[in-house]
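Chemist: Residue-level listing of the chains:
2 protein chains.
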Amino acid sequence: MSVLVVGSVALDSVETPFGKADDVLGGSAVYFSASASHQTPVQLVGVIGDDFPEEKLKALSDRGVDLAGLEHAKGESFRWRGRYRHDLNSAETLETRLGVFSHFRPKIPAQFQSAKYVFLGNIDPRLQLDVLKQVAKPKLVACDTMNFWIESRRDDLITLLAHVDLVTLNDAEVRQLTEKSNLVQGARWILERGPKTVVIKKGEHGAFMFTNSSVFYAPAYPLESVFDPTGAGDSFAGGFMGYLARTNDLSDASLRRAMIHGSAMGSFVVEGFSVTRLVEVNSADIEKRVAEFHELVSFNKSLER
Amino acid sequence: MSVLVVGSVALDSVETPFGKADDVLGGSAVYFSASASHQTPVQLVGVIGDDFPEEKLKALSDRGVDLAGLEHAKGESFRWRGRYRHDLNSAETLETRLGVFSHFRPKIPAQFQSAKYVFLGNIDPRLQLDVLKQVAKPKLVACDTMNFWIESRRDDLITLLAHVDLVTLNDAEVRQLTEKSNLVQGARWILERGPKTVVIKKGEHGAFMFTNSSVFYAPAYPLESVFDPTGAGDSFAGGFMGYLARTNDLSDASLRRAMIHGSAMGSFVVEGFSVTRLVEVNSADIEKRVAEFHELVSFNKSLER
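Going line by line, the protein sequences match chains S and X.
The first sequence begins at 1 in the numbering used here and counts up by one.
The second sequence begins at 306 in the numbering used here and counts up by one.
Hints in this document: simulated from the structure, not taken from any laboratory.
Glycine included, every Cβ here is placed at the ideal spot set by N, Cα and C.
A couple of the hints might just be wrong.
Here are the computed distance ranges between Cβ atoms for each label pair [what the hints assert, rightly or not]:
| no. | chain 1 | residue 1 | chain 2 | residue 2 | range |
| --- | --- | --- | --- | --- | --- |
| 1 | X | P322 | S | S251 | 36 to 42 Å |
| 2 | S | A136 | X | V520 | 44 to 50 Å |
| 3 | X | E592 | S | S114 | 46 to 52 Å |
| 4 | X | R388 | S | A68 | 33 to 39 Å |
| 5 | X | L528 | S | F148 | 28 to 34 Å |
Quick list of in silico lysine-lysine cross-link-like pairs, BS3-like style, CA-CA up to 25 Å [said to hold, decoys possible]:
| no. | chain 1 | residue 1 | chain 2 | residue 2 |
| --- | --- | --- | --- | --- |
| 6 | S | K56 | S | K74 |
| 7 | X | K501 | S | K301 |
| 8 | S | K196 | S | K139 |
| 9 | X | K593 | S | K301 |
| 10 | S | K301 | X | K507 |
| 11 | S | K58 | S | K133 |
| 12 | S | K196 | X | K606 |
| 13 | X | K325 | S | K180 |
| 14 | S | K288 | X | K606 |
| 15 | X | K412 | X | K363 |
| 16 | S | K202 | X | K606 |
| 17 | X | K421 | X | K501 |
| 18 | S | K180 | X | K485 |
| 19 | X | K485 | S | K20 |
| 20 | X | K593 | X | K507 |
| 21 | X | K485 | S | K202 |
| 22 | S | K301 | X | K606 |
| 23 | X | K507 | S | K202 |
| 24 | X | K325 | X | K361 |
Take these sequences, add in the hints, and give me the full structure.
Modeler: What follows is the structure in structure tokens.
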């Protein structure tokens, strides 16, 4: 099965303690697509301005990402400029220029409307709801969001929750949305409002997946060096959704493996700027890292004699 | 095998968003002992003042903890007063009165000197070294420390590292000691200085165990409510060391199970003030939680068909 993603396509300028990159390919839909493309065909819906250096998109089209839903609008492309300090844990946003993204109204091309796996990247929840009206009977709809929408479009976001199967949020977003400092309580709060599955991303501290009947925890891979954390969450989501779409299996066992595939992709993307590492790795690298995750947490419950 | 612990015995006064407790049993050796006693006999070496309400120690002696090494000194007992705010992540110390603990010179009773498993709780590294001179051929020596000693007794601490098999530190202590912000690099730095095993406790974010040939990660149990985080690290250490002493097995597989037993005890202690929960739980509760940890991280590497 292919996966449809709606989200941002941006030009990022990033400074980390290890280097600097200007106007590199970024945005939630980009990281998601590059990551998911290792598992399954990806259909991208987004917008770029007339200043966008289109040759940069070759990194995605070379990986088979279908860009038929990428709108070309008059005006400037979405640009983000940020900096990471020594601990690499949180980005300091130096500049955000939404450009054409501020007027983005996702239009799902006819050939994408039957998508069975849909990921609503972090955009206005009213637009996320609008996308759902344009697709016919998806098997799994997942959404992401961010602090800005939780604050400014809270009611719309809660309406959206009733229409999605799965939510991916980071720990701070869960606390902000649910007003619960405890993540287990926060997850329950969200599960009561519609989604059957809540994935809570904790960055370098791994990710939880809550359903009404189970809790799964995927650690973050203990990397000896993190180069640039940008896009880790979206790459996680791409690996996760890509795995589910490829296997077309929504069992608990499959969701758990999807979490690990997401974590693997999140661990790769931070090894370089932009999508460099995501487009470099191959399926053997991914399977090796999945096996390393297995080794990382494996233990026998009882004594072998 | 029994386990010998040297550390603090204190009277704690704690405030959390959920309640308040005054002059309750606390201290690193107390939490360690109450936790380890579920696995194996424990020998405690510490000091209390003449004001210590000795009936409080019944919680330990009832669990078979051997208090023959608990010195009764003239003066005030060690008292700690602290508060946790809403997020429960970090204690705010309101008052520390070392009392008799400031002149503590651990004397290991003759019958404890052949201990095969030794845990050097967080005291002056010069005293930790002195304890090692008093014990004969232990099979495993582990030590803990804290920011105060890393700052004030750095050279002694590094000398100590060459004489211990295993170190337990929290993430902030690893960063402070090694001057590496990356924990994998920090663990390597410590492994190069003597210990064969480094355990890094990350509180609500679980714990890592590094050796020269493997990395293991134990998650924190996703508790719906944390009542009082005091003693979680020492209870972890007690469950960990107690498990190793009981099985007398230092294989990688056993160390991994020990990490989970430590995590289980850390998850119990925070459910109540002081050692209340540690002395309440039974072996069935512990085995149940170990099984829950297993379920929490279990996944199959590859698709079942």
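Chemist: Compare the structure with each hint and give your call.
Modeler: Hints, verified against the model:
With their beta carbons about 39 Å apart, P322/X and S251/S fall inside the hinted range of 36 to 42 Å. At roughly 46 Å, the beta-carbon separation of A136/S and V520/X lies within the given 44 to 50 Å, and the hint holds. Between E592/X and S114/S the beta carbons are some 49 Å apart, a value that agrees with the proposed interval 46 to 52 Å. Take R388/X and A68/S: their Cβ atoms lie about 58 Å apart, and the range 33 to 39 Å is violated.
In this structure the hint that L528/X and F148/S lie 28 to 34 Å apart at CB holds, the actual value being about 30 Å. For a cut-off of 25 Å, the pair hint linking K56/S to K74/S stands: about 18 Å separates their Cα positions. Our distance criterion of 25 Å between C-alpha atoms is met by K501/X and K301/S, whose separation comes to about 24 Å. A C-alpha spacing of about 13 Å is found between K196/S and K139/S, which places the hinted pair at or below 25 Å, so the restraint holds.
A hinted pair counts as satisfied when its Cα atoms are at most 25 Å apart, and K593/X with K301/S qualifies at roughly 10 Å. Taking the CA atoms of K301/S and K507/X, the gap is about 22 Å. The hint holds against a cut of 25 Å. For the given pair, K58/S sits about 30 Å from K133/S by alpha-carbon distance, which is inconsistent with the 25 Å threshold. Using a Cα cut-off of 25 Å, the hinted pair K196/S and K606/X holds, with the two alpha carbons roughly 24 Å apart.
At roughly 22 Å between alpha-carbon atoms, K325/X and K180/S fall within 25 Å of each other, so this suggested pair holds. Proposed proximity of K288/S and K606/X is supported: the alpha carbons are some 10 Å apart, at most 25 Å. A threshold of 25 Å between alpha carbons decides the hint, and for K412/X with K363/X the separation of about 22 Å falls inside it, so the pair holds. As the CA atoms of K202/S and K606/X are separated by approximately 22 Å, the hinted pair is consistent with the 25 Å bound.
Under the criterion of a C-alpha separation no larger than 25 Å, the hint pairing K421/X with K501/X is consistent with the structure, at around 17 Å. Among the hinted pairs, K180/S with K485/X is inconsistent with the structure: their alpha-carbon atoms are about 33 Å apart, more than 25 Å. As the CA atoms of K485/X and K20/S are separated by approximately 22 Å, the hinted pair is consistent with the 25 Å bound. As the CA atoms of K593/X and K507/X are separated by approximately 23 Å, the hinted pair is consistent with the 25 Å bound.
Taking the CA atoms of K485/X and K202/S, the gap is near 21 Å; set against the 25 Å cutoff, the hint holds. Proximity of K301/S to K606/X is assessed by CA-CA distance (about 18 Å); at most 25 Å being required, the pair is judged to hold. Of the supplied pair hints, the one linking K507/X and K202/S holds, its CA atoms being roughly 13 Å apart against a limit of 25 Å. Straight-line distance between C-alpha atoms of K325/X and K361/X comes to about 18 Å, which keeps the hinted pair within the 25 Å bound.
Hint compliance for this structure: hints 4, 11 and 18 are broken, all remaining hints hold.
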